[in-house]
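Peer 1: One-letter residues, chain by chain:
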Amino acid sequence: MPSRVPDPGDRVERAWQSLMAEVPRQRPSADFTARLLAATRAEWPQRAGMRAEVAVTAGVVAGAAALTLGPVLVIAALFVFDTGAAVEAVARSFVWLVGWLTAGVSIWEVFGRVGRIVATAMTSPAGTVVLIGGIFTAWLALAGLSRVMPIEQGDV
Amino acid sequence: MSDPSHRGRRALDAERDADLAVAARQGSGDACTLLVRRFERPVYNLIARLVQDPGRAEELAQDTFLKMFRALGQYDPSLRFSSWLFRIAHNTAVDALRQRQVPLAAPRADEDGEPIDLLATLPDLAQDSPEAGAMRRQMAQVLDRAIDTLRPEYRAVVVLRHHEELEYEEIAEVMGLPLGTVKTYLHRARRQLATHLRDAGLGAETRSGPRP
Numbered sequence: 090m091p092s093r094v095p096d097p098g099d100r101v102e103r104a105w106q107s108l109m110a111e112v113p114r115q116r117p118s119a120d121f122t123a124r125l126l127a128a129t130r131a132e133w134p135q136r137a138g139m140r141a142e143v144a145v146t147a148g149v150v151a152g153a154a155a156l157t158l159g160p161v162l163v164i165a166a167l168f169v170f171d172t173g174a175a176v177e178a179v180a181r182s183f184v185w186l187v188g189w190l191t192a193g194v195s196i197w198e199v200f201g202r203v204g205r206i207v208a209t210a211m212t213s214p215a216g217t218v219v220l221i222g223g224i225f226t227a228w229l230a231l232a233g234l235s236r237v238m239p240i241e242q243g244d245v
Numbered sequence: 007m008s009d010p011s012h013r014g015r016r017a018l019d020a021e022r023d024a025d026l027a028v029a030a031r032q033g034s035g036d037a038c039t040l041l042v043r044r045f046e047r048p049v050y051n052l053i054a055r056l057v058q059d060p061g062r063a064e065e066l067a068q069d070t071f072l073k074m075f076r077a078l079g080q081y082d083p084s085l086r087f088s089s090w091l092f093r094i095a096h097n098t099a100v101d102a103l104r105q106r107q108v109p110l111a112a113p114r115a116d117e118d119g120e121p122i123d124l125l126a127t128l129p130d131l132a133q134d135s136p137e138a139g140a141m142r143r144q145m146a147q148v149l150d151r152a153i154d155t156l157r158p159e160y161r162a163v164v165v166l167r168h169h170e171e172l173e174y175e176e177i178a179e180v181m182g183l184p185l186g187t188v189k190t191y192l193h194r195a196r197r198q199l200a201t202h203l204r205d206a207g208l209g210a211e212t213r214s215g216p217r218p
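Chains as they are written, first to last, in my numbering: chain V, 90 to 245; chain R, 7 to 218.
No wet-lab data here; the hints were simulated from the structure.
Errors might be hidden in some of the hints.
Unchecked claim - Listed below are several chain V residues computed to face chain R (Cβ distance under 7 Å; list not exhaustive):
hint, residue
1, Pro113
2, Leu125
3, Arg136
4, Glu177
5, Arg181
6, Trp185
7, Leu234
8, Val237
Note that the coordinates shown come from a computational prediction; the quantities given were computed from them, not determined experimentally.
Note that beta-carbon positions come from the ideal geometry of N, C-alpha and C, so glycine has one too.
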């Protein structure tokens, strides 16, 4: 089996590689790793789930902080500022809060829900009987009232 | 550089680096830490050799890693991660050199000068005596200083080839140069380093004359 004749180019490569392996590398200062990790950490990619967790956690913490600090601030305001103005501000804030909470409620959505409940009740036999019974009772009540009302009006 | 075991080890390293980069991109903090720890020294070594200012080199190495993490979403795992990162580091260092107005013009054709037998200048690898070891260490010290006298492009080629053991094609990719230019740069860099060794009275040629 013929032996491979070494290529002079390969021998030059190996000789340089062997020699250069002993040439010292430039090294950064001792605390460079810690500084580099700290400086780049803000740019590290984050998991999508982790981002959502961070957002939810931040929201919960902010809400809890607001609920805790809110009354404290109101009480502090009662002592520090004019009491009447503080009470008025609290009342206004409740009105605003109720308005804010009900802002998303539509009257058509309420009608729709009521209609769905009535329709659901009427589609079952028991529901139909209860509904007809309710209407009959209401009619009797109105009829009775119409007989009573003129007498009372006459008395007045 | 061309033996199968070396190629196999490099392939495994490249695969592991690509896996780390993908894990880092998906948000693994451990993978980010490992990437920083694995490449901080090679990146610093390349930049420090280029800018020749340790403090500035640390700043530029930090910039390199910041750019790397910001661009990690664009990394193609089918490419070698180290080449991608070295390209960012090289460009960062070259931009800094340009700001300092260090000339990066193409070398002249007459830099070749008188022909030197590169193999004859180097120590005999077959020798394993204490004297040969001492000679090699002495040569390494001369080369350490001589590298700093090379022009920046040559320094980059020498570091990428002989310290980071990149293939010629990878060096061309990192530096954005044609393959032939990389070979020319490396040849000229070795010639200049060999001249330094010869001037220092080191190397096989100066000790026992040219080899047969």
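Peer 1: All hints, please: hold or fail.
Peer 2: Hints, one by one, checked against the model:
1. Pro113: 6 Å, holds
2. Leu125: 6 Å, holds
3. Arg136: Since chain R brings a Cβ to about 3 Å from Arg136 (chain V), closer than 7 Å, the hint holds.
4. Glu177: 50 Å, violated
5. Arg181: Violated. Min distance 45 Å.
6. Trp185: For Trp185 (chain V), the interface hint is violated, since the closest Cβ of chain R sits about 40 Å away, which is over 7 Å.
7. Leu234: With Cβ-Cβ at 71 Å, over 7 Å, it is violated.
8. Val237: Violated - the Cβ of Val237 (chain V) stays beyond 7 Å from chain R, reaching only about 76 Å at its closest.
Against the hints set out earlier in the document, violations occur for numbers 4, 5, 6, 7, 8.
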